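First residue of the sequence shown: 1, per this note's numbering; consecutive thereafter.
Derived by calculation from the structure, the hints in this document are not laboratory data.
Possibly wrong hints are sitting among the right ones.
[Claimed, not checked] DEER-style ranges, computed between Cβ atoms:
#1 82 - 14: 17 to 27 Å
#2 24 - 86: 27 to 37 Å
#3 51 - 86: 29 to 39 Å
#4 50 - 76: 10 to 20 Å
#5 50 - 86: 11 to 21 Å
#6 25 - 86: 31 to 41 Å
#7 21 - 57: 14 to 24 Å
Since the structure is predicted, the reported quantities are computational estimates derived from the model, not experimental observations.
All C-beta atoms in this analysis are idealised placements derived from N, C-alpha and C, irrespective of residue type, glycine included.
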Amino acid sequence: SLLFSVSRLALLTPRSLEILHLVEPAVDLLVIGSGKTVERIPPDVRRWMQEFGVVPEVATTRTACATFNFMVQEQRSVAGILFPSQPNFADWDEQKFLSQAGF
1 SLLFSVSRLA
11 LLTPRSLEIL
21 HLVEPAVDLL
31 VIGSGKTVER
41 IPPDVRRWMQ
51 EFGVVPEVAT
61 TRTACATFNF
71 MVQEQRSVAG
81 ILFPSQPNFA
91 DWDEQKFLSQ
101 AGF
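Construct the entire structure; sequences and hints are all you get.
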């Protein structure tokens, strides 16, 4: 388990994935849980993955957890990035929340 400072899929960068170069055996599949909805991988990240032979699998975080666990049981070389399904408090905007709630 490794924690990093990327709070959502849109902020993922090739640099934030550099840690994957240190993993042995090399990661073939990167399961990404993007929260409550499936989101697109940023284009520069997709290019990085293609260059290094990492296949992305993007799903809701709930589905990504199940996929990751299945791949581990199948002894696949897999890594996972799981973004929370709930809002990240690092991105919390109290004024926006209060105005949307009618306060």
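Verification of the supplied hints:
A hinted range of 17 to 27 Å for the beta carbons of residue 82 and residue 14 is consistent with their spacing of about 19 Å. For residue 24 and residue 86, the Cβ-Cβ distance of about 33 Å falls inside the hinted range of 27 to 37 Å, so the restraint holds. For the pair residue 51 and residue 86, the supplied restraint of 29 to 39 Å holds, since their beta-carbon distance comes to about 33 Å. The given range of 10 to 20 Å is respected by residue 50 and residue 76, whose C-beta atoms sit roughly 19 Å from each other.
At roughly 31 Å, the beta carbons of residue 50 and residue 86 sit outside the given window of 11 to 21 Å. Against the hinted window of 31 to 41 Å, the Cβ-Cβ separation of residue 25 and residue 86 comes to about 33 Å, which satisfies the hint. For the pair residue 21 and residue 57, the beta carbons lie near 19 Å from each other, so the given range of 14 to 24 Å is met.
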